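Full structure from sequences and hints, please.
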Amino acid sequence: MVSTQLQKARDFEAQYGPHIPAAERPAFHATPTIGWMNDPNGFSFYQGKCHLFYQYHPYSNEWGPMHWGHLTTEDFIHWERLPVALAPDQPCDAGGCFSGSAVELPDGRQLLMYTGVQQERDEEGVLRDIQTQCVAIGDGLNYEKYALNPVLDKDNLPEGGSAADFRDPKVWQEADGTYYAVIGNRAADDSGAVLLYQSADGLKWDYVRTLDACHNQYGKMWECPDFFPLDGRQVLVTSPQEMYPIGLEFHAGNNAMCLIGNYDSKSMEFHRQTVQAMDYGLDFYAPQTLLAPDGRRIMIAWMQNWSTAGAKPAHCRWFGQMTLPRELVLRDGRLCQRPVRELEACRGERILHQNIPVCGEVNLPGVQGRVVDMTVTIRPTGGEGYRWFRIHVAKDGTHDTIIRYKPNESTLKIDRTRSGLPHDIVHTRSFLVRPQKGELKLRIILDRFSVEVFVNDGEQAASSVIYTRQEADAITFEADGQALIDVEKYDLMV
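Per the working numbering, the sequence shown starts with residue -18, numbered consecutively.
Possibly wrong hints are sitting among the right ones.
[Unchecked claim] FRET-style restraints, in silico, Cβ to Cβ:
| # | residue 1 | residue 2 | range |
| --- | --- | --- | --- |
| 1 | Glu365 | Asp245 | 51 to 57 Å |
| 2 | Asp245 | Val343 | 54 to 60 Å |
| 3 | Arg190 | Asp275 | 29 to 35 Å |
| 4 | Thr255 | Gln154 | 24 to 30 Å |
| 5 | Asp187 | Arg450 | 52 to 58 Å |
| 6 | Leu211 | Thr409 | 27 to 33 Å |
| 7 | Met(-18) | Ala3 | 29 to 35 Å |
| 8 | Asp245 | Gly341 | 56 to 62 Å |
[To be verified] Below, simulated DSSO-like cross-link-like pairs (lysine-lysine); rule was C-alpha separation at most 27 Å, straight line:
| # | residue 1 | residue 2 |
| --- | --- | --- |
| 9 | Lys387 | Lys418 |
| 10 | Lys394 | Lys293 |
| 11 | Lys247 | Lys185 |
| 12 | Lys422 | Lys387 |
| 13 | Lys135 | Lys201 |
| 14 | Lys185 | Lys135 |
| 15 | Lys394 | Lys418 |
| 16 | Lys422 | Lys394 |
Derived by calculation from the structure, the hints in this document are not laboratory data. Fair warning: this is a prediction, and the values are worked out from it, not measured in the lab. Note that beta-carbon positions come from the ideal geometry of N, C-alpha and C, so glycine has one too.
Structural data, given as structure tokens:
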């Protein structure tokens, strides 16, 4: 049954969404039909297609009462728009249908598990949000909310757990048929934790244990958890809020991080061993993964930053986009990520320049564009080498986005100060990289309104939104001193 609120949202997007020209959107990054987009939800395979739901407010380019928008893809590059999947239309989710996930049931239907928000007054009469977990079941297009929602509430929390910060279930099914879910929570010490639940049918859930907790070390609330095996280890992903900076690994504010360790499936205990940032750029939050039929672990995230979400172009009819989906692997104990291999099928003519000396600023024949897949390898040459190296993209006489490397510091810096955002927001971020035998390899993906940089075959990634006018398509290379570079560049035909 389609509720009045859901039909209203579907009618609105059907009426106004098609009027947004394709040229005003990224060529291959997922965007909302119209209005506001944030966290990816329900990133999963169902009946042979990849489904991506997302936090959605169709009526405005500002955050508002959360719906679930809906996209599908067969190649992670081309996205088909489907009608709104969920709207806040029940008492348990009157304040919004917040983030969650999806899994296919044995009978062929798809289960969506999401956080419902409603308000109640506390003992002092203050009105506050209360978060519970709800489910809806459907056929890949229409979903019926479970009559006994919520399936998890404050009575299912461990002692000291917060009912106001209890959200973002990520659900999966193990080989024995048991369903599990990890859910973010704020613990008794007022900092984040990830809770584990289990269910025989996806409808009746039991608390198992706290998988890991922040203990006020990495921010406060831990949002949007994910939990999965990878290359013989176990990875716990979460998005901490209110972090203090830690060196050049984590910045102040909202981050996304992974905890790598081991998991005992019998005792269901996770033992954290290492911690690292998921992305070192300016715009990345709330990543979610799926296991593809071919065995790849693929991740997507909201390519935006809550602290800068108000800095949007005037009169834009959509706001928010997802990262390019990325394949995850573990290498030398680190989580590494590379653009999905399907992107390579979109490559046009190959432009190759090898052993090019750079002293001062140079441009190279055939190297320009705003929808580009380009790999640059930088190495020193000559007695003195170079003090810094810069790659300029999305450039004209006014605009410029800069990727700068300082070999003596081993730091890479993303600078979008002149990238079409006339707002006083964070425009730069630096992070440590590990050159390999003196070389640094950067794969740079440009898609009209974004730059994604992958360092040394995915050892690190850095994402940034830009709003430079599309006519600014120059790409140049600059060194203080002398460097030697190889450049392999493709226009992407999407």
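Structure-based check of each hint:
1. Glu365 with Asp245: 51 to 57 Å: holds (54 Å)
2. Asp245 with Val343: 54 to 60 Å: Cβ of Asp245 to Cβ of Val343: about 55 Å, so the range 54 to 60 Å holds.
3. Arg190 with Asp275: 29 to 35 Å: holds (32 Å)
4. Thr255 with Gln154: 24 to 30 Å: Once the Cβ atoms are compared, 28 Å apart, the range 24 to 30 Å for Gln154 and Thr255 holds.
5. Asp187 with Arg450: 52 to 58 Å: The hinted range 52 to 58 Å holds for Asp187 and Arg450, with Cβ atoms some 55 Å apart.
6. Leu211 with Thr409: 27 to 33 Å: holds (31 Å)
7. Met(-18) with Ala3: 29 to 35 Å: About 34 Å separates the Cβ atoms of Met(-18) and Ala3, which means 29 to 35 Å holds.
8. Asp245 with Gly341: 56 to 62 Å: Once the Cβ atoms are compared, 58 Å apart, the range 56 to 62 Å for Gly341 and Asp245 holds.
9. Lys387 with Lys418: Roughly 15 Å between the alpha carbons, so the hint for Lys387 and Lys418 holds.
10. Lys394 with Lys293: holds (23 Å)
11. Lys247 with Lys185: holds (21 Å)
12. Lys422 with Lys387: Satisfied, since the Cα-Cα distance of roughly 14 Å is no more than 27 Å.
13. Lys135 with Lys201: Between Lys135 and Lys201 the Cα gap is close to 19 Å, so the pair holds against 27 Å.
14. Lys185 with Lys135: holds (15 Å)
15. Lys394 with Lys418: holds (20 Å)
16. Lys422 with Lys394: Holds, at roughly 14 Å.
Violation of the numbered hints given earlier is absent; every hint is satisfied by the structure.
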